[in-house]
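Listed below are the residues making up each chain.
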Amino acid sequence: MVVVKRRSERVAAPQFTRADVEALSNDNSEPQWLAESRLAAWELYETMPMPTLQDEAWRRTDYSHVKWEQASKKVDASGASIDLVPAESLEPLVGEEKGALMVFVDGVLVEYDVPQELTDKGVIFKDLRTAADEDKDLVKSNLMTQAVKPDEGKFAALHAALWNFGWFVHVPENVIAETPMHVVVYNSKPGVQMGHSLVVVEENAQATVIVDYTSADGDEQFGFIGATELLTGDAANLQYVALQDWNRNTYEFNHQRARVGKQGNLDWIIGLFGTQLSKNFIEMELDGTGANGRVSGFFFADDDQLFDLDTQQNHNAPATNSDLLFKGAGKDVARTVWQGMIKSLPKMQKIDGFQASRNLLLSDTVRMDGIPGLEIEADDVACSHAATFGSLEEEPIHYLMSRGIPRNQAELMLIEGFFDELLQRVPFERVVERLQESVQAKILS
Amino acid sequence: MANFKTVATTDELNPGEAMVVEHGRMWVLISNVDGEYYAIEDRCSHADVALSDGEIDLDACTVRCPKHGSRFDLKTGEPLDPPAVSPVILFDVNIDGTKIQVARREHS
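As they're listed, the protein sequences go chains Y and L.
Just so you know, the first sequence maps onto residues 1 to 445 in our numbering.
Just so you know, the second sequence maps onto residues 446 to 553 in our numbering.
Chain Y with its partners taken away, still in its complex shape (with noise of 0.2 Å):
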């Protein structure tokens, strides 16, 4: 029997202390029942074992590798400025018009515009650290007590203590919010950034919100750890589209739950292409009767990265629709991850369910997972799941080249035909561009 050595050992999880969740209270002055939510979170966290590869939800999510020391050190954000992000970021991504602008460089805020059309609507736009006090009851009555919750998870509450940035939409009732809000995530230095979404669009209301992660390149590990909650009231509706493309140092932990109300409509767009590892819970309640949810998955792995996405689209009330469709490409050796779940509740009869994953492995040494999953307890439903995998086919490559088109650009427009199909449900011409670009940097890299 041959004894195996092992060269590195690791710190095994976060090195954070219950001071750290104080001094962030204490050095922002936070409001007294911030920093008393965030302790009690901080204690939740204590209790909770870091998540193992025995666990379900993990076990294919290795992130031993992940340098705590480097990925969990507070970043000082002195020199944080908007020139240090990359001008493409802070292009308009709808139209030709700006809209609303929120840009955070190293977790702190240094642009922020908010067109007069929406402040006079009463539509709040601004960072979750301000909205905390100036927006008292909207933020604590929604703050991580309706989507994502501190006890879903060790990361969860890991963020629910420490938090350190993020911002607050909140549209009123019957208000229409035709500007689009755009906000730009941009990390400059290695450390830990745990970053917060909270969009809350009330009864009959409409939004459009775009998030936009960038990062520059680093030789020390960055650790995103964020939570993303879409409150989408009664008959409300709400886009929004998260693109995230962090540079490959970077090791993301994300909760991203959204509900979905009475005739409401989210409709939801998620680009992956950064990171070194990514692990993603991706969750949509449909909560009242005729709610419509759409989730639009587009994802490209290269090189050695690590994708583990969780979705899970639960029906808890009758005539609730849900459609998820991800796509996704790897290439070299990278893995993907895809498990999806559909689950009505007893009784939740007339609901229509689809999920599906459609994967394209273009080495041989690319693997990608997809586990469709239902759990239905009414008998009058259609819900339905499907994964599909398959590697770029010779003969239409052929084809091409007959025509005169270089093989690797008939490879690319492959490609970007088997991404089509996801492209067409985006109705933003600059995020479809976007996408394309992020497709083109994968296959020339």
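Note that these hints are calculated values from the structure, not bench results.
Fair warning: there could be bad hints in the mix.
Derived DSSO-like pairs: lysine-lysine, alpha-carbon spacing no greater than 30 Å straight-line [unchecked claim]:
id	chain 1	residue 1	chain 2	residue 2
1	L	Lys512	Y	Lys73
2	Y	Lys154	L	Lys544
3	L	Lys512	Y	Lys331
4	L	Lys544	Y	Lys67
5	Y	Lys121	Y	Lys262
6	L	Lys450	Y	Lys67
7	Y	Lys98	Y	Lys121
8	Y	Lys74	L	Lys544
Because the structure is a prediction, the values reported are computed rather than measured.
Guided by the hints, dock chain L onto chain Y, whose structure is given.
Frame of chain Y, contents of chain L only:
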């Protein structure tokens, strides 16, 4: 040109020994079989568990997955028994003085 990365030194890995080192997101199982070094990803291609937790037979140049028993060839990464059907990722090894360097083998 493969992008070799130094992961250990030869004095850390004597003939008849194996060790696990880190390479990007992967753990790599390096073995020294009578002075010849071989390296494969330390993860079963079937069930996602660490191969190094299983039985390593350097005479036969194999490692057996602890979960379902597939053996893998340490030289080629190929599975020798079911249920695994795909090879594990293979690394080239370069010895530069006393440095053990590995690089993921590029596939066409």
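Hint check: L:Lys544 vs Y:Lys67, CA-CA at most 30 Å. Holds or violated?
holds (23 Å)
Check the hint pairing L:Lys450 with Y:Lys67 against an upper bound of 30 Å on the C-alpha distance.
Satisfied, since the Cα-Cα distance of roughly 18 Å is no more than 30 Å.
Given the hint that L:Lys512 pairs with Y:Lys331, test it: the Cα-Cα distance must not exceed 30 Å.
Holds - the C-alpha atoms of Y:Lys331 and L:Lys512 are around 27 Å apart, at most 30 Å.
Measure nothing beyond the straight line between the CA atoms of L:Lys512 and Y:Lys73; if it is 30 Å or shorter, mark the hint as holding.
Roughly 36 Å between the alpha carbons, so the hint for L:Lys512 and Y:Lys73 is violated.
Next pair to validate is Y:Lys121 with Y:Lys262; report whether the Cα-Cα distance is within 30 Å.
Distance of about 23 Å is within 30 Å: holds.
Can the restraint linking Y:Lys98 and Y:Lys121 be considered satisfied, given a maximum Cα separation of 30 Å?
Roughly 18 Å separates the two Cα atoms, so the pair holds.
Between the alpha carbons of Y:Lys154 and L:Lys544, is the straight-line distance 30 Å or under?
violated (39 Å)
Given the proposed pairing of Y:Lys74 with L:Lys544, does the C-alpha separation stay at or below 30 Å?
violated (34 Å)
In summary, the numbered hints that this structure violates are 1, 2 and 8.
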